[in-house]
Each structure stands twice: as C-alpha cells, then as structure tokens.
Amino acid sequence: MTQSVVRDDPALAGSHEALFSAREVNKTFGHGRRAVEAVKNVSFDLNKGQITTIVGESGSGKSTMARMVLGLLPITSGTMTFEDRDVTKLRGGARTAYWRDVQAVFQDPFSAFNQFFTVRRLLSRALRLLGDAEAGQAKMEEALNHVGLSGPDVLDRFPHQLSGGQRQRVMIARALMMSPTMLVADEATSMLDASLRVNVLNVLTDLRDQLGMTILFITHDIGQACYLADRVLVMEHGVMVEQGPTDKVIFDPQHEYTRRLLSDVPRLHD
Amino acid sequence: MKAINFTPRFWVAASLILFVLVVGVLGPFIVRTDPNAVIGGLYDAPSMNKLAMWLGTDNEGQSVLANLVNGIRTSLLVGLLAGIIAMVIGLIIGLVAGFQGGVVSDILMGITNIVLAIPSIVVVILLSVALNGRNAVILGFVIGITSWPWTARAVQAQSTSIRVREHIDVARLSGARWISILLWDILPYLLSYVAMAFVLQVSGAILTESALSMLGLGPSGETSLGTMLYWALAWGSVRTGAWWAFLPPTIMLTLVAFSLLLLQSSLDEVFNPRLRRGKLRKRPRGAATPVPAVASPQTLGSSPLIEAPGRAGRTAGASSSTVRDGGVA
Numbered sequence: 001m002t003q004s005v006v007r008d009d010p011a012l013a014g015s016h017e018a019l020f021s022a023r024e025v026n027k028t029f030g031h032g033r034r035a036v037e038a039v040k041n042v043s044f045d046l047n048k049g050q051i052t053t054i055v056g057e058s059g060s061g062k063s064t065m066a067r068m069v070l071g072l073l074p075i076t077s078g079t080m081t082f083e084d085r086d087v088t089k090l091r092g093g094a095r096t097a098y099w100r101d102v103q104a105v106f107q108d109p110f111s112a113f114n115q116f117f118t119v120r121r122l123l124s125r126a127l128r129l130l131g132d133a134e135a136g137q138a139k140m141e142e143a144l145n146h147v148g149l150s151g152p153d154v155l156d157r158f159p160h161q162l163s164g165g166q167r168q169r170v171m172i173a174r175a176l177m178m179s180p181t182m183l184v185a186d187e188a189t190s191m192l193d194a195s196l197r198v199n200v201l202n203v204l205t206d207l208r209d210q211l212g213m214t215i216l217f218i219t220h221d222i223g224q225a226c227y228l229a230d231r232v233l234v235m236e237h238g239v240m241v242e243q244g245p246t247d248k249v250i251f252d253p254q255h256e257y258t259r260r261l262l263s264d265v266p267r268l269h270d
Numbered sequence: 001m002k003a004i005n006f007t008p009r010f011w012v013a014a015s016l017i018l019f020v021l022v023v024g025v026l027g028p029f030i031v032r033t034d035p036n037a038v039i040g041g042l043y044d045a046p047s048m049n050k051l052a053m054w055l056g057t058d059n060e061g062q063s064v065l066a067n068l069v070n071g072i073r074t075s076l077l078v079g080l081l082a083g084i085i086a087m088v089i090g091l092i093i094g095l096v097a098g099f100q101g102g103v104v105s106d107i108l109m110g111i112t113n114i115v116l117a118i119p120s121i122v123v124v125i126l127l128s129v130a131l132n133g134r135n136a137v138i139l140g141f142v143i144g145i146t147s148w149p150w151t152a153r154a155v156q157a158q159s160t161s162i163r164v165r166e167h168i169d170v171a172r173l174s175g176a177r178w179i180s181i182l183l184w185d186i187l188p189y190l191l192s193y194v195a196m197a198f199v200l201q202v203s204g205a206i207l208t209e210s211a212l213s214m215l216g217l218g219p220s221g222e223t224s225l226g227t228m229l230y231w232a233l234a235w236g237s238v239r240t241g242a243w244w245a246f247l248p249p250t251i252m253l254t255l256v257a258f259s260l261l262l263l264q265s266s267l268d269e270v271f272n273p274r275l276r277r278g279k280l281r282k283r284p285r286g287a288a289t290p291v292p293a294v295a296s297p298q299t300l301g302s303s304p305l306i307e308a309p310g311r312a313g314r315t316a317g318a319s320s321s322t323v324r325d326g327g328v329a
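Top to bottom, those sequences are chains A and B.
Position 198, counted from 1, in the first sequence is what the numbering used here calls 198; the numbers after and before it change by one each time, with no gaps.
Position 50, counted from 1, in the second sequence is what the numbering used here calls 50; the numbers after and before it change by one each time, with no gaps.
In case anyone wonders, no lab produced these hints; they're calculated from the structure.
All values derive from a computational prediction rather than experimental measurement.
Treat the hints with caution; some may be incorrect.
Here are the simulated distance ranges between beta carbons [stated by the list, open to error]:
hint, chain 1, residue 1, chain 2, residue 2, range
1, A, Leu72, B, Ala195, 26 to 36 angstroms
2, B, Phe141, A, Asn145, 52 to 62 angstroms
3, A, Asp153, B, Ala195, 30 to 40 angstroms
4, B, Phe6, A, Asp153, 26 to 36 angstroms
5, B, Gly101, A, Asp84, 30 to 40 angstroms
6, B, Asp268, A, Asn199, 39 to 49 angstroms
7, A, Leu72, B, Trp184, 13 to 23 angstroms
8, A, Asp193, B, Val103, 39 to 49 angstroms
Beta carbons: idealized from backbone N, C-alpha and C, even for Gly.
Extracted from the complex, chain A is given alone in its bound form:
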C-alpha cells in the first residue's frame, strides 16, 4: 500500500478554516473472516465555503464515507468534528440538531422520493426539524425558487410527474430548506443526463458563491470534480490516496491511482 499524498501547501492551508474534520476514520462491515474494511484510516478536512470532492471508482468507499459524515452510518473507529464539536457518535436529539446544519442530496432521484408523497408533503416533513411551521409555505417556495423551480408548479405533484432533473432539484431544495452550513452531495449528478448535470452542478457552485455553503461532492467522474471542486480527495479501496487543491491533484497528480483515473477520462481529440 502506498503512502497517502497530502498536497496542501502549509502556508495556504492555514488560510482556510476547517468546518468539518475526519481523523483516522475506519469502517468495517461484518465480523471475523468475513469482515470487509470499507474505509481505512481516512483523514481529511472540509474547508468553510469550499467545494470538496471525493473521487474514486465504485467500491472505493466514497459513498460509505458520505453516509458516515452524515451520521447515517456509525463509524468503527476514528473521530469526526463539526464546528469544533465532536460528532463521532451522535444519537437522538443531538443528531437531529446536526442534521439542521448538515444536509444531503443523494444519487438516485427516483428512489430518493417516497412515491406516495407529493413534493409539498416531502418538504413539509422537514419543517418539523426547523420547529417553525408558520413560515413553512414561504420557506418551501423560497427553497424551490433557489433551484429554479416555482412552488405552485411542483408543490402538488407526485415524483412520477416530475422529470429527473426537476426531482434532483427538489431534493436540493429540501436540503436547502434547513439552511444548512454543509451539504453532502453523494453522486448527485450521476443519474442525470449531460445537460441537466451541468445545471445541477451550477446550482451547487451558486450555493457556494451566494450562501457560502460548504459542499462535499462525491463522484466517480474526475471531470466533474475538476469542473466543480476547490479541493479534491482521491480514494482507492477505502484508502485516501491523494488530497489537495484541484489544480495540483488534477494537473500534477503524484499518485499512481490518480494518474490512472485521469487517463481513463475519455478525450474527444488528442
């Protein structure tokens, strides 16, 4: 196993404040001989107001990492801190409070919807977390407007009446309603077609630029990482093999695996 390459310029690293830090996080599924180490000794920081991307092929543990960051999956060992609070083992009310700050958008805009709920019902569920049912309607419409949808158009629709891109944007709107400080987007564009993909990616950059949101974007597509990210983390088989600013990692890769990922990007012409 090769050494993890950390490419941050020490001088530069100090200029950004880490919002979320993971230190030596491990995740093992199963026991004994059938144990699978999905994530091994991963440490990274998510800087405030930046988009950080985790790149890796399927099975590299990046989605597992996302679920652990969200507190949906308990970690085996290691520590995670958010705004200098320990969020390694959250339960009950503390976890609900955490979800007010950290929200997520998932990969599959089809299965992320409860097919029996209208958009209104889906969104109004999140109001309970906010504890503010009064401003509910306004909040919903505001969040929908933010992703380029209009409330009256989509609120009373069922998911099967929406297109894939609309659905993914409703999902982003749901996350936005909580006004989170951090958003985790787990392969949020991989099931959309190319034109919608750029659309959703632009929504994410807008969130960073306008609201100063910290975004963790998980993808297998190094091209999207390059388009979007301020920092890139590369994972291979549960190990974080390289991390650093986008221009360093993408245009001057040090690790063998990063080079291989880059060489696999299809080129239109050479």
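Go by the hints and put chain B onto chain A.
For chain B alone, coordinates are given in the frame of chain A:
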C-alpha cells in the same frame, strides 16, 4: 386511479365473495327461522313448501338453510377477526424487525421461527380446550394469534429491502420520527403485499375454524360451517344418503376458500403489471412497438427485454390506451 386494470378473474372472484357475504350477512334476516328451532324430524328431505325447508332438516330436525346462513356468518366473522389479528401482529413484528435490523431483528425473527416451528393446530386445540365457553370471537382470537408468523417473516423480508432505499435516508435527514418512517415510508410500499396476505389469512382462518369445529372444538352454542359438518358426520348423514346435511356446508366452504384464493391471485395481477393479461391480447399487431418483445403477450412474462415491472406496466398501459384510441377512431 386510472392505472388499476382489473382483470375478469378479479370480477369473478369479487362477485363470488359478494355472493357469500350477502348470504352470510343478509341471509339470516331473509330466512328468519331460528337455527336452533326444531321444525321437522331427523333428516327430512328438502321440500319447496317453506323457505326454511328448502334444504331439509338436520339430525335435530332443525332447518339446514337457517343453519347454513348463520354458519356462514359465524365462519366469516371468525375468518375476518383472525385475519385482522394475524395481520396486525405479523405487520408490527415484521416491520419493526425489518426496519431495525441487527439484534432487534434477530430476537423478533427468533421468536417468529419458534412460533413457526410449533404446529399451530396443536396450539389452537390446546387453547380452545383450555378456554371455557368458546364462542366465535374467542375462536377468532385463538386462530389469529397462532397464524401470524408467515406474515411476519414475509413482511420482515420486504421491509429489509425497503430499509436500504434512499428515501428512508432522506426521511431521516428530514427529521422524521421512527414511527412516521415506519408508517409512511415503509408500510405503503408493502400495502399490495399486505392486501394479498390478508386475503390468504382470512381464507386460512375460515378453513382452520372448520377443521377445529369438525374435531368438536368449534364454538359452543353457535352454528358454523364446521359444526354443521361435525354433526352431519356424527349422525351418519353420509351413510344414510342425507346429502342436504353435508353438501351445502361443504360447497359453501369450498366456495369461500376458492373465491378468496381467486381474489388473491387476481390482486397479484393488479399489483404486478408483469402478470397482466386480458386487454393486451386485443392489441392490434405492429401498432406502436417500441419494444418488440411486447408484441406477443405470451412472451411478456418471461421476456428478458422487460426487466422493470414499471416498464412493463407502462407498456401495457400504453397499449391498452392504444386499443381504446383505435376503437374510437
């Protein structure tokens, strides 16, 4: 709900069940004769003179028709009660075990497996012997609390598969409570299965009640289809050729079980678009065939080209609307 496409099988099953229900619910008000009143001698042959005599008399000189309509009512009551109880217990245990997973699931499924391993008819017999003054309601309870394990297992398996869907994560992130996720994010996805399992539970409970009654463990002081058969057997109606004493309850029992099974399999067709037939057959050849395999309905079920049920359903829906449009044009 334009998507629901009831098949002829469903309508046949539904009308049979409706017939049984009408006989069971309205029958006693039409026949009016007290099932315990003696109106003739031992096994008087049927005659058309009086409504109560249409099916003759039984071993005690009571009207078979009056006993039959009251017996159907009792059997339906036992079946429904047992079905509801079994369904509720099975659903709660299955949902909680499936959604929680881990140790909770292991414990609940362990209990289920133990209950499953005990032959339920033995438990039912012991319970009904132990309980004094058996009536239909108690019998329904006893059958209900012994027949839930299969439902629990199946519901557990299905909710385990739904638990890992992303919409559950989305609901949790939205701050939905545990019970709310269980009721609104998991249960609705199981409803089609729950409806079918309930029908089977009712049918099974009615047959269990008859089996118990034929062993002499039926409701005391009440008539059920099973107790009618018990008395008919005990008093040698088969030997003496008094067919009116044992055939009517047998036929009604068969009809109830058959129509419920038919309803279950027709519901399967309603909920699973891959099994839909009927209208598809009338589809004109070659009209709008984006998926070639759909052109022949025989290959629909087994076609490797049609993998997603949703896709097959949409194609079937589209084709039936094509037929309708074609008819109008």
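Against the structure, the hints:
1. Between Leu72/A and Ala195/B the C-beta distance comes to about 31 angstroms, which sits within the given range of 26 to 36 angstroms.
2. At about 56 angstroms, the beta-carbon gap between Phe141/B and Asn145/A stays in the expected band of 52 to 62 angstroms.
3. Taking 30 to 40 angstroms as the suggested C-beta distance range, the pair Asp153/A and Ala195/B conforms, at roughly 34 angstroms.
4. The supplied range of 26 to 36 angstroms is met by Phe6/B and Asp153/A, whose beta-carbon atoms lie about 33 angstroms from each other.
5. For the pair Gly101/B and Asp84/A, the supplied restraint of 30 to 40 angstroms holds, since their beta-carbon distance comes to about 33 angstroms.
6. Asp268/B and Asn199/A have their C-beta atoms about 41 angstroms apart, which keeps the hinted 39 to 49 angstroms range intact.
7. Between Leu72/A and Trp184/B the beta carbon distance is about 19 angstroms. The supplied range of 13 to 23 angstroms therefore holds.
8. At roughly 43 angstroms, the beta carbons of Asp193/A and Val103/B sit within the given window of 39 to 49 angstroms.
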